[in-house]
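Asks: Below, each chain spelled out in residue letters.
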Amino acid sequence: EAGVAQSPRYKIIEKRQSVAFWCNPISGHATLYWYQQILGQGPKLLIQFQNNGVVDDSQLPKDRFSAERLKGVDSTLKIQPAKLEDSAVYLCASSEGQGTPSYEQYFGPGTRLTVT
Amino acid sequence: GNSVTQMEGPVTLSEEAFLTINCTYTATGYPSLFWYVQYPGEGLQLLLKATKADDKGSNKGFEATYRKETTSFHLEKGSVQVSDSAVYFCALSGNRGSTLGRLYFGRGTQLTVWP
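Line order of the protein sequences matches chains P and B. Counting in my numbering, the first sequence tops out at residue 342, every number present. Counting in my numbering, the second sequence tops out at residue 343, every number present.
Read the hints as simulated data drawn from the structure, not as lab findings. We treat Cβ as the ideally placed atom computed from N, Cα and C, and that holds for glycine. Check the hints yourself; a few may be wrong.
As the list claims (entries may be wrong) - Here are the computed lysine to aspartate or glutamate pairs in the EDC-like style, where the Cα-Cα straight-line distance is at most 20 Å:
1. B:Lys284 / P:Asp289
2. P:Lys288 / P:Glu322
3. B:Lys288 / P:Glu294
4. P:Lys241 / P:Asp282
5. P:Lys297 / P:Glu322
6. P:Lys270 / P:Asp289
7. P:Lys304 / P:Asp289
8. P:Lys237 / B:Glu270
9. P:Lys304 / P:Asp282
10. P:Lys241 / P:Glu322
11. P:Lys270 / B:Glu236
12. B:Lys280 / P:Glu311
13. P:Lys304 / P:Glu294
14. B:Lys296 / B:Asp312
15. P:Lys270 / B:Glu244
16. P:Lys297 / P:Asp282
Said to hold, decoys possible - Covered by chain B, per the in silico footprint, the following chain P stretches (three or more residues, Cβ under 8 Å):
17. 235-241
18. 266-279
Please put together the full structure from these sequences, using the hints given.
Replies: Now the structure itself:
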């Protein structure tokens, strides 16, 4: 079974530029999560989708971050404009349903963003 | 609110040594508790979990017991191997309302095992 795919794996941009990350969850998984992991810290949830609807985006900085989940499958996370403090690893995870621990979250390898 | 505190690393051990990584939590209600592991260059993987007080999660020789009275979920392994070198994250999941299914992670503990 293929795992969660993310691209690109690495990205370097200058502040005030825009960037987009892509996630392809495990086939059939209804729930998709985006996490931000700053160096030296644990992952922090940014947004959670159930199919193509947003369940929780309370931690998403909506003035610069946006996310969508097209047709309830792939998802894109965008930052515009980027700030230095956005340098982090962005993790995508998916699960069959909503509600841990009943549904295990499977994580992708992440995209490491460096903002200079 | 929900939060997790785990011991800071890095932790360096010789092969076959005993491992303990401490984890304590603060939560509303009765959360589920997890340990995730991140091997170099790979994504986070679930190592073990416990869903209620006194439950013991175990996998690959690792164990952790859900202690409600001390709000702890310490990770232990009796004899570590070089292949256990990774970053370990303690986490809890909310169990009500908007926090249902949401994972709250600790900072992570880097473990290095020398042969």
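Asks: Hints numbered earlier in the text: which of these fail when held up against the supplied structure?
Replies: The structure conflicts with hints 1, 2, 3, 4, 10, 12, 14, 15 and 17, although it agrees with all the remaining ones.
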